[in-house]
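There are 2 protein chains.
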Amino acid sequence: MPETPNHQKSAAAAAAEEDDLVVNPWQVSAEGGKIDYDKLIDRFGCQRLEQSLVQRVERLTSLPAHVFLRRGVFFAHRDFNLILDAYERGEKFFLYTGRGPSSEALHLGHLVPFMFTKYLQDAFKVPLVIQLTDDEKCMWKNLTVEESKRLARENAKDIIACGFDITRTFIFSDFSYLGGAFYENVVRVEKCVTFNKAVGIFGFTGEDHIGKISFPPIQAVPSFSSSFPHLFSINDNLRCLIPCAIDQDPYFRMTRDVAPRLGYQKPALIESSFFPALQGETGKMSASDPNSAIYVTDSAKDISNKVKKYAFSGGQDSIDNHRKYGANLEVDIPVKYLGFFLEDDSELEHIRMEYGAGRMLTDEVKNCLIEVLTGLVERHRRARAQVTDEMVDAFMAVRPLPHMFD
Amino acid sequence: MPETPNHQKSAAAAAAEEDDLVVNPWQVSAEGGKIDYDKLIDRFGCQRLEQSLVQRVERLTSLPAHVFLRRGVFFAHRDFNLILDAYERGEKFFLYTGRGPSSEALHLGHLVPFMFTKYLQDAFKVPLVIQLTDDEKCMWKNLTVEESKRLARENAKDIIACGFDITRTFIFSDFSYLGGAFYENVVRVEKCVTFNKAVGIFGFTGEDHIGKISFPPIQAVPSFSSSFPHLFSINDNLRCLIPCAIDQDPYFRMTRDVAPRLGYQKPALIESSFFPALQGETGKMSASDPNSAIYVTDSAKDISNKVKKYAFSGGQDSIDNHRKYGANLEVDIPVKYLGFFLEDDSELEHIRMEYGAGRMLTDEVKNCLIEVLTGLVERHRRARAQVTDEMVDAFMAVRPLPHMFD
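Keeping their order, the protein sequence lines are chains Z and P. Residue 1 is where the first sequence starts when you use the UniProt record's numbering, and the numbers rise one by one after that. Residue 1 is where the second sequence starts when you use the UniProt record's numbering, and the numbers rise one by one after that.
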């Protein structure tokens, strides 16, 4: 079955034609700024993550589902049900996620997939590979090789600070790990993808350099367990589950198309929406505007200032009107952020009710958010301060993980 | 200075337009079958290897020039004079050559660059890196990864049998060596070459798979000494001299265009014409026709049969006519082969004189060639039988070569 069943033409071509919704690894934009995620599911040909699947996860893991799961932050999937079927049969699988290390400091949106991946690792007790695509960022962001490698290590510290279990986690950067069985799989994938096909998926042009065209197979192959001979036996051919933001879907659509031709399992995906900018839901945050996001390096004062000054409010323009009409929760960023990071369901529901009815004011909601974010960022800062260079080396060491399924 | 000074448009485009002379790494063809090497020098923008340069080599090395040099088998170059200038100043350089391991047995044409490279290594006492592009052959010939790797090791044995000095020679296959500093240079090169540029140089189409498009930088980067941190210091930035057949020129035209942008030395080239097929000079030999070439695995009887039966003769159709008009040396394959492998200049000149004047018959010349080739192939067979798997491992070990310039 092709990976884009609802469209004869490629996603990129269709997007270019309709010209309103563009979501790919390098561009996220929509008419009016708001992403229509239903349309995206339809266009990409992935599946909606229904509540019944969330309940099944809870049954299978005997744990409450992660906030990001029960509140629909991760809202789409490909074959996640097959992963659960396999898990239920006692079959093994592994997790794969990654990051393009293009900046020194991570913002909260960057943490979302890692917080969720840590939950999955703990809940299913499975090994995890984390790819740092320093080669990609060197090529796309025009960083030097040295700077990309430095950023990869810096970002690894933030990732490790999310609490991953070193006995189940292998972090690698492409510059440090590419070669051997991994490169053999890259070549196998390359043989299956024509330039025209890559153009259809990624929208490349003739003026793109050949590094960009060469990259997709490098993001594809960590989906295949044989790319990690120090972790998995060549005959394992394990299933892989990839938690990621939905803009990464094109890479794995390509991967899933190719996998059966190589005798490999198609990777399964569990895909998130985008973490909104402080200024409102217009796709992803902009790295060029530090006031569009809360960074893990922001001080308590920074956080307070940014939330008070920039967080787009759905509250009314006067207290009288607010008391009368209530806040518009659909556009209110403080409520959306609380939806990500305020874990207590009843407290969140209380805020939504009171604020939506106008009994709670914007300032009160913003203060609540400031408290939540300050706590989160402070905990992250403390955890990151504990991460030494030796720990980075240890997570990135090419080594077996003998207890990764225990 | 661009690398193709005599043409505004790309070599591939020009070739397609004129439609008579096509020489690139995958295709060698010409109208009427005979390559016009003067036209090729003009089109590629390389330089003719003049006799004065050959004499300079003899002066600098205090050795007679190799037969392939003094008889014009290596007939073109790029900046070979700059290598000699550097050598004269006492500066170091290194040699780089390679082979695409697409077949089990090598034929005599395959040996030509290695025999010549061995002479250069001995004459200049310099280190040598030999690239086995098993990844390329896996992609272009649709071999499996495993088969390509096996052929690389088999071919390495034939290469080692040519007599390379293990204290100065590093042999590597892309599947075994790619990664680290080598891959960093691949990414640096990729960033400098757009798809359109690659199309101009190599003639790719949209239906080519992206592995083909990704490959040229992998053949480019052994030109840079920093790709071999176990051999050279990162700051050495040594000059590189590449002996190869002229069909490889497009790779190194690209490399020379890119090198200055990366702060690297442009590699110099010394380029050979093609070893002719037994059936006559129509470009390169065909792997699909075993009777078009003498293989290093051929028995004395095979060699005798092939030369007698298939070697195109410039002799006349009757003994009377032959005595009257003499042989046409321009098309005679036995004389051409003797020009490669009969080392004694006076003996060769004698044959040319007598045969050209009709005093010597085709059979006599063919018998002479059979004797020369049988000796050559027998020596090669004996040498190859001595090459163990352990020796292949030793040549391919990633190791320093402390005495490589001694």
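These aren't lab readings, by the way, just hints derived from the structure by calculation. This structure is a prediction, so every number in the text was calculated from the model and none was measured. One or more hints might be untrue.
Claimed, not checked - BS3-like mimics (lysine-lysine), calculated; alpha carbons at most 25 Å apart, straight line:
{"no.": "1", "chain 1": "Z", "residue 1": "K125", "chain 2": "Z", "residue 2": "K141"}
{"no.": "2", "chain 1": "P", "residue 1": "K197", "chain 2": "Z", "residue 2": "K212"}
{"no.": "3", "chain 1": "Z", "residue 1": "K39", "chain 2": "Z", "residue 2": "K324"}
{"no.": "4", "chain 1": "P", "residue 1": "K197", "chain 2": "Z", "residue 2": "K141"}
{"no.": "5", "chain 1": "P", "residue 1": "K125", "chain 2": "Z", "residue 2": "K197"}
Okay, the hints, checked on the actual structure:
A C-alpha spacing of about 36 Å is found between Z:K125 and Z:K141, which places the hinted pair above 25 Å, so the restraint is violated. Only pairs whose Cα atoms come within 25 Å are accepted, and P:K197 paired with Z:K212 is accepted, the gap being roughly 14 Å. Taking the CA atoms of Z:K39 and Z:K324, the gap is near 34 Å; set against the 25 Å cutoff, the hint is violated. Restraint check: the Cα-Cα separation between P:K197 and Z:K141 comes to about 20 Å, which is no more than 25 Å; the hinted pair holds.
At most 25 Å may separate the alpha-carbon atoms for a hinted pair to count; P:K125 and Z:K197 exceed this at roughly 48 Å.
Of the numbered hints stated above, those contradicted by the structure are hints 1, 3 and 5, listed in ascending order.
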